[in-house]
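Last residue of the sequence shown? That's 631 in my numbering, and every number before it is there in order.
If you're looking for bench data, these hints aren't it; they were derived computationally from the structure.
Source: prediction; values computed, not measured.
Just so it is clear, CB atoms sit at the ideal spot from N, CA and C, and this is done for glycine as well.
Incorrect hints may appear among the rest.
Capping the alpha-carbon separation at 27 Å, the derived lysine-lysine pairs in BS3-like fashion look like this [claimed, not checked]: (1) K170 <-> K159; (2) K159 <-> K223; (3) K386 <-> K336; (4) K350 <-> K311; (5) K386 <-> K346; (6) K311 <-> K345; (7) K345 <-> K252; (8) K170 <-> K386; (9) K491 <-> K87; (10) K491 <-> K481; (11) K252 <-> K170; (12) K223 <-> K252; (13) K15 <-> K173; (14) K449 <-> K260; (15) K481 <-> K386; (16) K345 <-> K386; (17) K311 <-> K181; (18) K408 <-> K418; (19) K311 <-> K260; (20) K343 <-> K409; (21) K481 <-> K407; (22) K481 <-> K36; (23) K290 <-> K252; (24) K350 <-> K418.
Derived Cβ-Cβ restraints for the label pairs, each shown as a range [what the hints assert, rightly or not]: (25) V288 <-> K345: 23 to 33 Å; (26) D382 <-> T86: 47 to 57 Å; (27) T267 <-> E210: 42 to 52 Å; (28) E480 <-> E417: 24 to 34 Å; (29) E417 <-> M446: 35 to 45 Å.
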Amino acid sequence: MPDPKPNRPAVFIEKIFPVTLLNKQVYYEHGGNLFKGLHRWYSRKPLSFSRASVLGSLLPDSVTMEEFEYLLGLNRRVDGHADSTTKLYKTPPSPERIKQVHDLCEQTWGTRTPTVLDAFAGGGSIPFEAVRYGLNVLASDLNPVAVVTMKAAMEYPLKFGPDLQHDIDKWVKWVGDEAEKRLAEFFPSQEGETVQNYLWAHTVVCPSCESVVPLSPNWWLSKTSNYAGAGQVRKVTSDWYAVKPIPNLAEKRVDFELVKGRKGKGTTIQTDEGEFDPGDFNTISRGVGKCPNCENIIETNIIYEQGRSGKLGHEVYAVAYRRGQSNLEFRLPTGKDIEAVHKSKKYLEKVLQENRFIVPQVEIPYGHQFAERSSLIQQGIDRWDKAFNLRQLLSLVTYVEILNEAKKKLRAEYEPEKVGAICTYLSLVLARCIDVNCRLAHVNTMGPKIEGASGQHSLNLFWNYPETNGSTRLWQWCSEKVLSDYQPLCKQLGHDSPSLSNPNPLVAQSSRLQTQAEASISISKPEACATNLGKDDLVAQSSRLQIQEGDLGKGIKPEACATGFRKRKRKNLPHWEMDGAVYTLGFTTQDRIEFSPEARQVILDACKFFDGVRASIIVSVTERPAVQGRD
1 MPDPKPNRPA VFIEKIFPVT LLNKQVYYEH GGNLFKGLHR WYSRKPLSFS
51 RASVLGSLLP DSVTMEEFEY LLGLNRRVDG HADSTTKLYK TPPSPERIKQ
101 VHDLCEQTWG TRTPTVLDAF AGGGSIPFEA VRYGLNVLAS DLNPVAVVTM
151 KAAMEYPLKF GPDLQHDIDK WVKWVGDEAE KRLAEFFPSQ EGETVQNYLW
201 AHTVVCPSCE SVVPLSPNWW LSKTSNYAGA GQVRKVTSDW YAVKPIPNLA
251 EKRVDFELVK GRKGKGTTIQ TDEGEFDPGD FNTISRGVGK CPNCENIIET
301 NIIYEQGRSG KLGHEVYAVA YRRGQSNLEF RLPTGKDIEA VHKSKKYLEK
351 VLQENRFIVP QVEIPYGHQF AERSSLIQQG IDRWDKAFNL RQLLSLVTYV
401 EILNEAKKKL RAEYEPEKVG AICTYLSLVL ARCIDVNCRL AHVNTMGPKI
451 EGASGQHSLN LFWNYPETNG STRLWQWCSE KVLSDYQPLC KQLGHDSPSL
501 SNPNPLVAQS SRLQTQAEAS ISISKPEACA TNLGKDDLVA QSSRLQIQEG
551 DLGKGIKPEA CATGFRKRKR KNLPHWEMDG AVYTLGFTTQ DRIEFSPEAR
601 QVILDACKFF DGVRASIIVS VTERPAVQGR D
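Using the sequences and the accompanying hints, generate a full structural model.
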């Protein structure tokens, strides 16, 4: 039976942990941090808590609570009260604090900059905070999206610094200019206006009168209220907009009338004719439709059946535009707008004939959880390309073509590493374009603002959805959202700080990361992360992870071999009430291990099991790990 007392120096996190203080810091962070804008990652952990976890796992237990708070970045206590004004997530540690952490690490572990390995890095919070303290960092994840995001958030800013912003902006502008040239004819504007977005509604054919019925739970376009100032009475300074469906049984369709006015009583618009409530004219509620022409009820199964048979259509019913710097305005689509939609369809068909592989016509794989939680497949979206209307696809396909051309130009101008960095940021902009320009996005009319498909934890088809002007607005808007924080991100990482001694984090996909070193390893995971897995499944699956003595290579004591991951409560964590469950491999942290290929595979299998669960691994290496595989 392994010794319950680990044969290594005791660390701060095993003695006490400032949970209450960190809860306040996490609350500050709810508004977001800089590298959240690069790409959405649902389970990204707060930076402040990650910083405390890294330091708590490295610093000795002799550190006092006051010293720990100071090393985190908080000001010294005043009259016994902890600092409550500093926001850790946007406060890099000072050079003095970094030096003290390095000194304590040397006293405890024999090296000033131990290597922090996060094998399940996900959103990258733990590696990000370790880099801020100038520590060596290895980060990996089975999900390639997580790996690319971490490269953009840490590796490239530290390698190329703030000066890369100039090159990124240059090529973002080039792509945007090319897109405007190629897509302008498909997004016409009237004189003096700049079209921002189009609002679409899915349509279904009424089984009773055969009218084409646009579906929407309400017909709001915008309900924006501005404020006169802090502490002042609310003052509405902009008009509210909606559309009103007009029955047209003779032509078997539904027409629209634009409604514009100031706020009325409740959620109504005050017009010259009286108050208008867009919610009174809904054509679908709780999945059940209603035909405005014959008032027939269209059952959910009929709507889904038409979706599966390809008869669920689309109809643009409003156009959002600006005149100069004025507020957003709306109008009904004109014949020119409708003609541009048909024109884009014909052009996309021509593009697909020339290169049918440029659009991912790939079936959505069946999964029982996906099938239970989403009705996409029942509604006819059984391939990824069906999550977009045809003009949305045309915009995205055009961006891909331009990006492929940009890569060739980049290779002729820059060295390979810089080409990879610039292409990564351009790809992240494209990813944002895909997120907000699809049938799974929706409009928040309180802005109004567009909410992307990733804004929810499930994939949902909205009955009405937005399309952003692919010629001008879409690429420009998404690039601003993704890349505007690059230089501040460099500053947050302390790129110009001499205390970091040029840290170079290594980020790679788990299947390509191989450690070629002797190492002392401690694997720990907060209990809060276990909520992503069923605890019964966790215990059952952990028994399958067998590590035999011969697999671990030489230098291992027989009693140090593990029979799997063991879940146990540490009794010496009286102040860490929210956690307390620790998962460890059965060998002690001072055993010197030279990993054999078999042992690496065992650990990799363990990593696969804990997919989506955060584990922080602290490694003191004598030789730099290497990444094998393609760039």
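Proposed proximity, K409 with K343 (alpha carbon, max 27 Å): The hint is violated at about 30 Å.
Hint consistency between K481 and K36 [alpha-carbon to alpha-carbon, up to 27 Å]: Holds. K481 to K36 sits at ~10 Å (cutoff 27 Å).
Agreement of K170 and K386 with the hint, judged by alpha carbon distance not exceeding 27 Å: The hint is violated at about 33 Å.
Holds or violated: K408 to K418, with C-alpha atoms at most 27 Å apart: Holds, at about 13 Å.
Status of the given 23 to 33 Å range, CB of K345 versus CB of V288: holds (30 Å)
Hinted pair K311 and K345, Cα distance within 27 Å: holds (16 Å)
Pairwise hint evaluation, K252 against K345, where the allowed Cα distance is 27 Å at most: holds (23 Å)
Outcome of range test on Cβ distance (T267, E210; 42 to 52 Å): violated (33 Å)
Pair hint outcome, K159 versus K223 [Cα-Cα no greater than 27 Å]: violated (46 Å)
Given hint K346 paired with K386 - CA-CA distance at most 27 Å: With a Cα-Cα distance of about 17 Å, the restraint between K386 and K346 holds, given a limit of 27 Å.
Status of the given 47 to 57 Å range, CB of T86 versus CB of D382: For T86 against D382, whose Cβ atoms are near 51 Å apart, the range 47 to 57 Å holds.
Given pair status - K173, K15, alpha carbons within 27 Å: violated (53 Å)
Violated hints for the displayed structure, listed by number in ascending order: 2, 8, 11, 12, 13, 17, 19, 20, 24 and 27.
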